[in-house]
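Residue numbers (the working numbering), protein chains in the order written: chain G, 1 to 556; chain S, 1001 to 1310.
Everything labelled a hint here was simulated from the structure, so no lab data went into it. Treat the hints with care, since some could be wrong.
Said to hold, decoys possible - Label-pair distances were calculated between CB atoms; the ranges are:
(1) Pro401(G) to Phe1060(S): 34 to 42 Å
(2) Asp74(G) to Val1018(S): 30 to 38 Å
(3) Asp74(G) to Val1286(S): 31 to 39 Å
(4) Thr235(G) to Asp1074(S): 28 to 36 Å
Claimed, not checked - In silico DMTMM-like links for lysine to aspartate or glutamate, alpha-carbon gap of 25 Å or less:
(5) Lys1250(S) to Glu295(G)
(6) Lys1039(S) to Glu411(G)
(7) Lys140(G) to Glu224(G)
(8) Lys213(G) to Asp303(G)
(9) Lys473(G) to Glu369(G)
(10) Lys475(G) to Glu498(G)
(11) Lys1039(S) to Glu162(G)
(12) Lys112(G) to Asp180(G)
(13) Lys538(G) to Glu302(G)
(14) Lys1039(S) to Glu438(G)
(15) Lys538(G) to Glu99(G)
(16) Lys1039(S) to Glu470(G)
(17) Lys1157(S) to Glu535(G)
(18) Lys1039(S) to Glu263(G)
(19) Lys1250(S) to Glu263(G)
(20) Lys1157(S) to Glu302(G)
(21) Lys1157(S) to Glu438(G)
(22) Lys159(G) to Glu99(G)
As the list claims (entries may be wrong) - Residues on chain S that point at chain G, a partial pick, calculated with CB under 7 Å:
(23) Ile1156
(24) Gly1211
(25) Gly1253
Glycine included, C-beta positions come from ideal geometry on N, C-alpha and C.
Each chain is listed here by its residues.
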Amino acid sequence: MKKKLLLFSILLVFSVILAACGGDDDSGEEGTSDNSGDNGESTSDNGGESSAEQVFKANIASEPFSLNPSLANDATSSAVLLQTFEGLTRIGPEGEPQEAMASEIETSDDLKKYTFTIREDAKWSNGDPVTAQDFEYAWKWALDPNNNSQYAYQLYYVKNAEAANTGEGNLEDVGVTAVDEQTLEVELENPTPYFLELTAFYTYFPVNSKIAKENEEWYADAGENYVSNGPFKMTEWSHNDSITLEPNEEYWDKDAVKLDRIEFAMINDFNTELNSFKQGEFDWAGSPFGSLPTEAIPSLKEDGSLNVEPIAGTYWYKFHTEKEPFNNVNIRKAFAYAIDRQGIVENITKAGQVPAMAAVPPTMFSDNEEGYFDAVNIEKAKEHLQKGIEELGYDSVEDMPAVTLSYNTSESHAKIAQAIQDMWKENLGVEVELSNAEWAVYIDQLHQGDYQIGRMGWLGDFNDPINFLELYKEKGGNNDTRWHSEEFASLLEESQTETDSEKRTEMLKEAEGILMDEMPIAPIYFYTNAWVQDENLKDVVMSGLGDVQLKWAHFE
Amino acid sequence: MLKYIGKRLLYMVLTLWVIVTVTFFLMRAAPGSPFSGEKELPPAIQANLEAYYGLDKSLFMQYVDYLISVVKWDFGPSLKYKGQSVNDLISEGFPVSFALGMEAIFLALALGVLLGAVAALRHNKWQDYTAMIIAVLGISVPSFIMASGLQYVLAIKWSVLPVARWESFAHTILPALALASTPMAFIARLTRSSMLEVIGNDYIKTAKSKGLNSTEITVRHTIRNAMMPVVSYMGPLISAILTGSFVIEKIFGIPGLGMHFVTSITNRDYSVIMGVTVFFSVLLLVSILLVDIAYSLIDPRIKLADKKGE
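Start from the sequences and build out the full structure, keeping to the hints where you can.
Structure representation (structure tokens):
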């Protein structure tokens, strides 16, 4: 009996061991073949001489939300979609929108009607022609409230789009019509001087209506149903692991495309991303695909490999303007002026960020590098604080209600908040408490007004100042500050109907002036893209918004 | 025995129900919504989204719906990844986590028992001290530090193994080692102390005096009897490996299930939170049962059925 038990227990142990071995062997065999290929590539990438190897590898950190352009709402999806799809226009290497799917664009005098002629040789990756109907279908599909597109509001510039999306209007009334296969007519709510920037944005991309009508889930996986009309097509999508793109032979401008393959990995760890880059497994590490670990930036800067490019984004603190003490403009100014922005970008963020003394980034208003006030002005801050205290009827600083600064949990936000807490204590003598919450909770608190000072940032969706200013046009929505100015709002309204671009810029500047004088927000810095890349990689186009197009990219 | 197993299965269902209920209500009590973003959604779209995922029903009805879907083993669509179902996420991610976990358990067992046995047989000699220093290091260094250390030395400095990803056998070695380090150290210590205890027992002395050679004594009598605590540690070990793989999967960019276990919570991806929790619970409950059965088979003194009488 005992012997049998012994035998059994030994068998049990062995079977566990064998099972484990079996598992390993399986995964081993499966992967070895890919691996040998991979190793070969990475060594040749490292060598750099291989002019034939045109394979771009980078890390996009996480699974994209959706690779259906009508549903996508995040930077990761955008990084892929910009390579695989193409809108009526595309932001060219010079940063201006140029004709892409549209070969001709006619604009009515009042800038409210656009007629696009789709180029004749525009084709989907399966050979189907790209038609005006494909655009009409995609836009209306995104606006259809039943499809739950979270970025449908990007299409609200089109006539009746907002009504259709909120269920008040009819989809048929939306101002986009395919007159024939080649002609797309678009009517807008207002003259929108930046509309051709918008048509390069992914929510405005077309969808192959033939396939989408037959197969609702066409975008869930790579395969014959996943067709795109851009320079690349997706050949493999291993969820949560990797995405592979190859040139689209049907693309109208395929001669411009030089890469043979793009491989995106999804590693959600930026140290690993940088380490893999150093080992030659990636050709790019950092923004906008992934991100660089903050601790590594100084050493990368020192050895000269760090690239920094300003992008359209502002990191700011929002004040709750309906709660004491920040219902007083002087108190808001005091807090804003007492922040040493230069110190923050030099000692904390370190990736070449620019101190922000304005709301709109310098990529849109070039004179905003100077801004509307000093990067730090303690004297002025103290004056405003004194004035504010008197206006609110307090005896002294100590008499002021307790102030809490909120941010969403993250090491970098915490460091900045601590530094600013210290600056306020030193410069104003105000004790501020810090409070952090995880993103989903934090965003709820802000929307519900359960905060006093809150961290937030805004990255431009399209290249126009209105994108930053309209955030504060009305109470609610994005405007958690609850600040409202009639003058500001009407300037923005007027700018929408102004067809002269210089006059319009003036109006927007004036509006920004009001915003910076009332100060519902305290800008801290303008974002940058910081990255390292393979030295032989050329002609990667990074737009002012910070997104990257690989259409023209190649290795030398 | 069968009766015992039947009873255990019943308890398992009960435990699972408690887990599902507690997780469901805790999850819904947490503030934040899966659709919250900096830009608030138009109310119409928000309402539509909620209706689509059944979030507009009363909480109790959602709970009932959820229990039904658990019984049917269909966890519905992910709220975060469009077009993917929770079942897809599990069936894609679990094999990877399973392979990683098995490799780690194998390494932990093999190296741990070896170290522990060596330490016990060479008690208070340099082999013992070396093994125990390794064990103390293994227990006290957290797995993510171990992971970064291994990555730095073996992948970056010496370039013998790949830094990250999950492609070939070579890719699995570093994450499995990092994951195995703590349990390996624990097993080594367990094995050592229980072997020292066993070595002093009368039956070992008897075996020696019978003239059995020392290898036979060690393998047949000492190690076998010393394995009891190690086997009972297998249950918690499996759970530690499964739930602890998150950090390792993140650092090495491995597309496993551990990642969803944590990211789904920050995403408020309700269906994934529930699906993964239920899946892991079932897995753990089953593995604990198996360990208990194995335990009774190895040690005849333990009779499972007897517990009923207590």
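Now the hints, each set against the structure:
{"no.": "1", "hint": "Pro401(G) to Phe1060(S): 34 to 42 Å", "in the structure": "holds (41 Å)"}
{"no.": "2", "hint": "Asp74(G) to Val1018(S): 30 to 38 Å", "in the structure": "holds (36 Å)"}
{"no.": "3", "hint": "Asp74(G) to Val1286(S): 31 to 39 Å", "in the structure": "holds (37 Å)"}
{"no.": "4", "hint": "Thr235(G) to Asp1074(S): 28 to 36 Å", "in the structure": "holds (31 Å)"}
{"no.": "5", "hint": "Lys1250(S) to Glu295(G)", "in the structure": "holds (18 Å)"}
{"no.": "6", "hint": "Lys1039(S) to Glu411(G)", "in the structure": "holds (23 Å)"}
{"no.": "7", "hint": "Lys140(G) to Glu224(G)", "in the structure": "holds (24 Å)"}
{"no.": "8", "hint": "Lys213(G) to Asp303(G)", "in the structure": "violated (53 Å)"}
{"no.": "9", "hint": "Lys473(G) to Glu369(G)", "in the structure": "holds (23 Å)"}
{"no.": "10", "hint": "Lys475(G) to Glu498(G)", "in the structure": "holds (24 Å)"}
{"no.": "11", "hint": "Lys1039(S) to Glu162(G)", "in the structure": "holds (15 Å)"}
{"no.": "12", "hint": "Lys112(G) to Asp180(G)", "in the structure": "holds (20 Å)"}
{"no.": "13", "hint": "Lys538(G) to Glu302(G)", "in the structure": "holds (22 Å)"}
{"no.": "14", "hint": "Lys1039(S) to Glu438(G)", "in the structure": "holds (17 Å)"}
{"no.": "15", "hint": "Lys538(G) to Glu99(G)", "in the structure": "holds (23 Å)"}
{"no.": "16", "hint": "Lys1039(S) to Glu470(G)", "in the structure": "holds (12 Å)"}
{"no.": "17", "hint": "Lys1157(S) to Glu535(G)", "in the structure": "holds (22 Å)"}
{"no.": "18", "hint": "Lys1039(S) to Glu263(G)", "in the structure": "violated (31 Å)"}
{"no.": "19", "hint": "Lys1250(S) to Glu263(G)", "in the structure": "holds (19 Å)"}
{"no.": "20", "hint": "Lys1157(S) to Glu302(G)", "in the structure": "holds (20 Å)"}
{"no.": "21", "hint": "Lys1157(S) to Glu438(G)", "in the structure": "violated (36 Å)"}
{"no.": "22", "hint": "Lys159(G) to Glu99(G)", "in the structure": "holds (22 Å)"}
{"no.": "23", "hint": "Ile1156", "in the structure": "holds (6 Å)"}
{"no.": "24", "hint": "Gly1211", "in the structure": "violated (20 Å)"}
{"no.": "25", "hint": "Gly1253", "in the structure": "holds (3 Å)"}
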